[in-house]
Amino acid sequence: MKMTGGEILLRCLKIEKVPFVFGIVGGRFMSFLRQVSLEPTMEYVGTRHEASAAHMAAAVFHSTGKTGVCLGEMGPGSVNLVPGVQSAYNNNIPMIVMTSNNPNRSSYPFHGMFMDFDAENLFKPITKWNAVVRDGKRIPELVQWAFREALSGKPGPVHLDFSADALAHTVEIDETVFDVEPPQYRVIGRPRASANDIKVATEILMASERPLLLAGGGVIASGATDEFRQLAKTLKAPATATQMGTGVVSSTDPDYIGQGGIMGGHSIPRALQEADVVLAVGCRFSSWLWGKNGPLTPGGPTQKIIHIDIDPSVIGKLTRVEVGLQGDAKSVMKDIIDILRLKNFDAAEREWTRSLVETYRAYREELTGIMFDEKPVLHPALLANEIGELLPDESLVVFDGGHTTFWSNDFTPIREPRTRFHEPGNSQLGYGTPYAHAIKLLHPDRPVFSITGDGSFGFTLQELDTARRYGIQVIHIIHNNSAWGIQQSSQRNMYNYSYGVELSETNYADIARGFGCYGERISSIDEVKPALKRALASGLPAVIDVEVRFEPHPAKKYIGAMSSAGLKTTIK
10 MKMTGGEILL RCLKIEKVPF VFGIVGGRFM SFLRQVSLEP TMEYVGTRHE ASAAHMAAAV
70 FHSTGKTGVC LGEMGPGSVN LVPGVQSAYN NNIPMIVMTS NNPNRSSYPF HGMFMDFDAE
130 NLFKPITKWN AVVRDGKRIP ELVQWAFREA LSGKPGPVHL DFSADALAHT VEIDETVFDV
190 EPPQYRVIGR PRASANDIKV ATEILMASER PLLLAGGGVI ASGATDEFRQ LAKTLKAPAT
250 ATQMGTGVVS STDPDYIGQG GIMGGHSIPR ALQEADVVLA VGCRFSSWLW GKNGPLTPGG
310 PTQKIIHIDI DPSVIGKLTR VEVGLQGDAK SVMKDIIDIL RLKNFDAAER EWTRSLVETY
370 RAYREELTGI MFDEKPVLHP ALLANEIGEL LPDESLVVFD GGHTTFWSND FTPIREPRTR
430 FHEPGNSQLG YGTPYAHAIK LLHPDRPVFS ITGDGSFGFT LQELDTARRY GIQVIHIIHN
490 NSAWGIQQSS QRNMYNYSYG VELSETNYAD IARGFGCYGE RISSIDEVKP ALKRALASGL
550 PAVIDVEVRF EPHPAKKYIG AMSSAGLKTT IK
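Numbering of the sequence shown is given in my numbering, commencing with residue 10 and proceeding in unit increments.
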């Protein structure tokens, strides 16, 4: 059967049940987008910047576990994808990144044609795998390869650069290549760790007096939240989660000690330092778990670390381990739970857990104590607390910005995974607006909120136009302090100067209305609830621009220590 490369590409993506393709239209992908326009199971979403398209594709996996797809046309369209792709790479989020290029006769090597660009080498350092597609006949093979690489082992983005010939030319294709299901070309099973290693790890956990369970994003990717919670309950051990693991541990748990790594407050560094055994599941011990001397674990010469991860390259990379368990988080924890049941293991209540809970509660009292004062401009903690109390239980919430994410992490209730979203791997400001828009498209019946700062909102505010065009109602709440707050505070505290950190007092509500969205600017805590009600009732994408002042978060000292690990400054 004769088909264009665009038709073949659509058929391949249909096999993976891709719901959305995000990008900006251009000439090379016309044959593909024509097919998307005729396909009822797939929708193209045109953004106002390609980086936003990549962020939206990342949000697909982060919120559903499915694989997102984005595209950028040749030259600048490809380059503009980079921030979102690199963010996904640092956060181990799979996505299919598609770019276009000139015809084969003038590409690789390039002849100086219009928009010539070596996309293959641009994306190589920020993807797990990439390839150039020169012939439409190879599209089925290479698309299957791309999904296999994106989803196998440690997940991550992959990249396909399509020549103009591969997309536009008509080729003879055997239709049986489409009679295939994903399990026929990529593994969907759950690799298990060695039985002996699991036995040794379980014995260490049973003998522990001060165990700590640490959940990373790998727990969510594996669908292993229930197993993690069951293991914590069986061991009667305190549990926490990294930013990518947010939601594995519920903030309503009576033994809650905080989450989000060191941004979670005093109890987290203490727990990491004082535990005699740390069971880390699906995490990399990134710098959000560091202090001034590097990783907070091991906390001493006798601390034992058990590290479960599907990626063997991270086990023992940043912190020494007693037992490394390479395998799927769900299957490995199931095996540990089975051994504990066979041994009728029943841990006693631990004073260690109670002590950490008390440390966390004292930290919350500290936060409550600083939010109320007589200053005329709102404290960010007071706003974050009010938002947390007003959000509907079924809300999905994206955290963006600098200190805004710290305060939001403290005060936004969290009960389940894939409901609260951080971007810790790259800490990329501005990702939140397109992220929230994609999440709303994927969960149209749930309220979606983006809580952000004014600096971060400025990066991608043009995507309000995307939200209006596609009828995407997300409520964006801005902590507006008219500054790059963290940098302003750091400059003043460290070197007693302030330079390049002030932002003008922009009225983002006016900008929202200019895009045809709902906008409201407020400055008092009493205005938050009615403004939120009006925004939801409008039925439109909305911006609530709240005037706040910058106040350093109590956990800032940990971030400063983490950031300066190994650094000796000579600036005066």
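Treat the hints with care, as some may be off.
[As the list claims (entries may be wrong)] Distance condition first, Cα-Cα at most 30 angstroms in a straight line; then the derived BS3-like pairs of lysine-lysine: (1) K146 / K23; (2) K26 / K133; (3) K208 / K23; (4) K566 / K384; (5) K133 / K75; (6) K326 / K75; (7) K326 / K242; (8) K245 / K343; (9) K146 / K326; (10) K26 / K146; (11) K326 / K163; (12) K163 / K242; (13) K384 / K343; (14) K301 / K566; (15) K566 / K542; (16) K326 / K26; (17) K146 / K11; (18) K133 / K343; (19) K384 / K208; (20) K137 / K343; (21) K208 / K11.
Honestly, the hints are just simulated from the structure, not real lab data. If you're wondering where the values come from, they're calculated on a predicted model, not measured in any experiment.
Going down the list of hints, with the structure as the test:
no.: 1; hint: K146 / K23; in the structure: 17 angstroms, holds
no.: 2; hint: K26 / K133; in the structure: 26 angstroms, holds
no.: 3; hint: K208 / K23; in the structure: 43 angstroms, violated
no.: 4; hint: K566 / K384; in the structure: 24 angstroms, holds
no.: 5; hint: K133 / K75; in the structure: 23 angstroms, holds
no.: 6; hint: K326 / K75; in the structure: 29 angstroms, holds
no.: 7; hint: K326 / K242; in the structure: 29 angstroms, holds
no.: 8; hint: K245 / K343; in the structure: 17 angstroms, holds
no.: 9; hint: K146 / K326; in the structure: 41 angstroms, violated
no.: 10; hint: K26 / K146; in the structure: 21 angstroms, holds
no.: 11; hint: K326 / K163; in the structure: 15 angstroms, holds
no.: 12; hint: K163 / K242; in the structure: 28 angstroms, holds
no.: 13; hint: K384 / K343; in the structure: 53 angstroms, violated
no.: 14; hint: K301 / K566; in the structure: 10 angstroms, holds
no.: 15; hint: K566 / K542; in the structure: 36 angstroms, violated
no.: 16; hint: K326 / K26; in the structure: 36 angstroms, violated
no.: 17; hint: K146 / K11; in the structure: 10 angstroms, holds
no.: 18; hint: K133 / K343; in the structure: 36 angstroms, violated
no.: 19; hint: K384 / K208; in the structure: 58 angstroms, violated
no.: 20; hint: K137 / K343; in the structure: 29 angstroms, holds
no.: 21; hint: K208 / K11; in the structure: 57 angstroms, violated
In this structure, the earlier hints numbered 3, 9, 13, 15, 16, 18, 19, 21 are contradicted, and the remaining ones agree with it.
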